[in-house]
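K.L.:
Given next are the chains, with one letter for each unit.
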Amino acid sequence: KQEVTQIPAALSVPEGENLVLNCSFTDSAIYNLQWFRQDPGKGLTSLLLIQSSQREQTSGRLNASLDKSSGRSTLYIAASQPGDSATYLCAVGALYDYKLSFGAGTTVTVRA
Amino acid sequence: DVKVTQSSRYLVKRTGEKVFLECVQDMDHENMFWYRQDPGLGLRLIYFSYDVKMKEKGDIPEGYSVSREKKERFSLILESASTNQTSMYLCASSLEWGATNEKLFFGSGTQLSVL
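One line per chain: the protein sequences are A and B, in this order.
The first sequence runs 1 to 112 under our numbering.
The second sequence runs 113 to 227 under our numbering.
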């Protein structure tokens, strides 16, 4: 069974600092990996999706990398802003049943 | 943009009540999902459906059932609500099962409290 871990559980940084969020997974047989953002009491919004054949994806200030062999993905957020404060979750799609397994998330606070 | 709408943001129910959570998507997606989210546990899949009238159990189906009579609508049913079903419930949809570029779109969630 796929296990997805996100460390740290919480992170607080001053505005302008670059953010590095980590996601690790136990089974490298995946078909994609997604990063989501969740604001308090709300649903999840898809940020980036990396297909299994890709190494990274970029959107604006966001960049996500994928290393299947080591079971890791990293989400970079450049020049953080208070509006980036949210919980970030990664989810891994398993090849054997096509279901997504989610990490518990990293809660980010960007201080003005 | 895809819109996934959950009928209630907050619900308060009594133990033993039958509870219906409704979800509608407007983008003709094949797949629909119900998750629950609890602090420190992440999202856990309750049920999913890859076609009308089709349903599959997820990781934690006990105490729940689902209904998908129309493609755009997926209902989660708590047959007899219990306090351990107090949680945030999230509905999601996606276009194509197992595609490597398959994105998941979520509703805003229903916070259910069972007293």
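Some clues are possibly wrong.
[Stated by the list, open to error] Taking lysine to aspartate or glutamate pairs in the EDC-like style, the calculated list, with each CA pair at most 20 Å apart, reads:
| id | chain 1 | residue 1 | chain 2 | residue 2 |
| --- | --- | --- | --- | --- |
| 1 | B | Lys-165 | B | Glu-129 |
| 2 | A | Lys-42 | A | Asp-97 |
| 3 | B | Lys-183 | B | Glu-208 |
| 4 | B | Lys-167 | B | Asp-150 |
| 5 | B | Lys-167 | A | Asp-84 |
| 6 | B | Lys-182 | B | Glu-142 |
| 7 | B | Lys-215 | A | Glu-17 |
| 8 | A | Lys-99 | B | Glu-191 |
| 9 | A | Lys-68 | A | Glu-3 |
| 10 | A | Lys-68 | B | Glu-142 |
| 11 | B | Lys-182 | B | Glu-168 |
| 12 | A | Lys-1 | B | Glu-181 |
| 13 | B | Lys-215 | A | Asp-39 |
| 14 | B | Lys-169 | A | Asp-97 |
| 15 | A | Lys-99 | B | Asp-171 |
| 16 | A | Lys-99 | B | Glu-174 |
| 17 | A | Lys-1 | B | Asp-163 |
| 18 | A | Lys-42 | B | Glu-142 |
| 19 | B | Lys-169 | A | Asp-39 |
| 20 | B | Lys-182 | B | Glu-134 |
| 21 | A | Lys-99 | B | Glu-129 |
| 22 | A | Lys-42 | B | Glu-168 |
| 23 | B | Lys-169 | B | Asp-138 |
| 24 | B | Lys-215 | A | Glu-15 |
| 25 | B | Lys-183 | B | Asp-150 |
| 26 | A | Lys-1 | B | Glu-134 |
| 27 | A | Lys-99 | B | Glu-142 |
| 28 | B | Lys-115 | A | Asp-39 |
| 29 | B | Lys-125 | B | Asp-171 |
| 30 | B | Lys-115 | B | Asp-163 |
| 31 | B | Lys-125 | B | Glu-191 |
| 32 | A | Lys-1 | B | Glu-168 |
Think of the hints as simulated: they come from the structure by calculation, not from any bench.
K.L.:
When the structure is checked against the list of hints, which entries are broken? Sort them ascending.
P.N.:
Hint check: 1, 2, 4, 5, 7, 8, 10, 12, 17, 18, 19, 21, 22, 23, 24, 25, 26, 29 fail, others pass.
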